[in-house]
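Engineer: Sequence:
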Amino acid sequence: MPHLQRRELIQGSAALAAIAALHASRRAYAFPAQPSGKVIPWLDQPTKNPDPAGIQSQLVWEDLDSWITPNDKFFSISHFDRPTIDEKTWSLEIGGLIKKPLKLTLADIKSRPRQEVVFTVECSGNHGFPFFTGGIGNARWAGTPLAPILEEAGVSANGIEVVFFGTDKGEIPIRDVKMKQNFARSMSLADAMNPDNLLCYEMNGAALPPANGFPVRLIVPGWYGIANVKWLKGIEVRDTRFMSLLMARDYVTIREEDHNGETVWAETSVGRARIKSAPAKVTQKDSEYSIIGAAWGAPIDRVEVQIDQGPWTPATIDHSEEAEHAWKIWSLGWQNASPGEHTVTSRAIGITGEIQPAMDDPLIAKKHTYWESNGQVTRRVNIV
1 MPHLQRRELI QGSAALAAIA ALHASRRAYA FPAQPSGKVI PWLDQPTKNP
51 DPAGIQSQLV WEDLDSWITP NDKFFSISHF DRPTIDEKTW SLEIGGLIKK
101 PLKLTLADIK SRPRQEVVFT VECSGNHGFP FFTGGIGNAR WAGTPLAPIL
151 EEAGVSANGI EVVFFGTDKG EIPIRDVKMK QNFARSMSLA DAMNPDNLLC
201 YEMNGAALPP ANGFPVRLIV PGWYGIANVK WLKGIEVRDT RFMSLLMARD
251 YVTIREEDHN GETVWAETSV GRARIKSAPA KVTQKDSEYS IIGAAWGAPI
301 DRVEVQIDQG PWTPATIDHS EEAEHAWKIW SLGWQNASPG EHTVTSRAIG
351 ITGEIQPAMD DPLIAKKHTY WESNGQVTRR VNIV
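In this text, residue positions in the sequence shown follow the UniProt record's numbering: the first is 1, and each later residue adds one.
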C-alpha cells in the first residue's frame, strides 16, 4: 500500500487495534484465564455408586476447571475383569479376512507414524442413572493411525466388518448356555478406515493408565465410549456383521417410532455420539454469579441456558482452547440472581441446526433404554 501516508497507517492501525480489543473483551474465557470464584454446590448430587469396581473415577462437575481432564480424574468403566498386562509380552494380532496377518508389539506400534487427537469420550449411559452423571472426560490421545495398518494387512474384497477384541473377558449366560467371551465391539470397514482412528498408547502425554486401556486401546473420535475398546488384544476382519453381547444384545437402544399412526419398535446398536451439553457449576465472585458448562457430541454452533422456566439465553463459548472432537466450554453471567432455589438447564445446538432434545421430546420420552441419554440436563442450585 505505497500510496498510504504514514499518518493514515498509524490511524488505521489504531482503529484495528481498538476493534480487536473490543472483540477480545466480548469473549468469555470460562477457564483457566478467568478466575472461577466460589463454587456453589448443586443440590441434586449423584446418588451412591452401586458398582465402584465397574464404574471408577467419575467426573465431578463442580470440579471442572480445565479443558483437558487429568488422567487421575478420568472416568473408567469395565464390563468384565480389569486385566493386568505386561507390555513386554503383549502383542496385537490382526487377522481374519486379510492377505497378510500381522502381529505387532508395543514397540512396533510406537515405531509407526505418531498422531494426536483431542477427543471427549462419553459413556453412552452417562446421565442414564442418578448415580452415573460423570461418565465423560476430554483428553489428548496419541498413537498411530489404524487405517494404514489395515491397508498393510490387505483386507480381502469380501471383508465388510472389523471386530476389536479386548483382553478383558467374562462369563456370559445366554439362555441355558454359559460361555466365556472377551469384550468385543465392531464397526463397518468404512468406519474403521476413518483417518482419525488411532491405536492409542498415550493419554495426555503419558502412557495409558491401566484403568484406561494400557498398553493399547482403540480411539474412535465421534463415537460413544463403548466403541473405544480398551486393553486391545486382537483385530479381526469378517464378511458378516458381528452380533455379540455388546453389539446385539446389550448397548442396544430401544425406541418407539410412529409410522403413520402405528407404533414400531426400533432397536439400534449404540454407535456415534449424540449432541449434548450440561451445566457444570455455578460460581460466585463478590455479588456476581456465573454458570459454566460444556457441550459435545457433535459440531456445536451455540449453547443456550434456561434459568427456572425463563427464556433461553445464549451462552458464550470459550474459544481459547478447542478442537474438532473436543467439548466446548461455555459460560453465562447470571444477572440479578435472586435468593432461593433455582433450576439451570442447558441445550446445545449443532451447526446443522440439530437441538439437544428436551426430556419430553419423543426422542427421549419414547426411548425405553438408558443408553444414548442426551436429553437436556437440569440441575438445582440454592442462592443465598
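Just so you know, the hints here were simulated from the structure itself, not pulled from any lab data.
There may be inaccurate statements among the hints.
To be verified - Capping the alpha-carbon separation at 25 Å, the derived lysine to any residue pairs in SDA-like fashion look like this: (1) K73 / G234; (2) K110 / A184; (3) K48 / D86; (4) K110 / F214; (5) K180 / D86; (6) K100 / K48; (7) K88 / T240; (8) K88 / S320; (9) K180 / A53; (10) K180 / K285; (11) K73 / R112; (12) K180 / P145; (13) K285 / T240; (14) K99 / F214; (15) K366 / A53; (16) K285 / A337; (17) K169 / E87.
Said to hold, decoys possible - Simulated restraints on C-beta separations: (18) Q309 / G95: 27 to 35 Å; (19) H79 / R238: 15 to 23 Å; (20) I160 / F131: 37 to 45 Å; (21) P195 / E87: 38 to 46 Å; (22) D108 / N382: 52 to 60 Å; (23) R241 / D301: 17 to 25 Å; (24) L189 / H79: 48 to 56 Å; (25) A266 / S320: 16 to 24 Å; (26) G310 / G95: 57 to 65 Å; (27) P299 / A358: 19 to 27 Å; (28) R249 / K100: 50 to 58 Å; (29) T84 / K38: 20 to 28 Å.
Just so we're clear, the structure is a prediction, and the values are computed from it rather than from any experiment.
Ideal placement from N, C-alpha and C gives every residue a C-beta, glycine not left out.
Engineer: So, against the hints stated earlier in the document, which numbers end up violated here?
Structural biologist: 1, 3, 6, 7, 8, 10, 11, 12, 13, 14, 15, 18, 21, 23, 24, 25, 28 and 29
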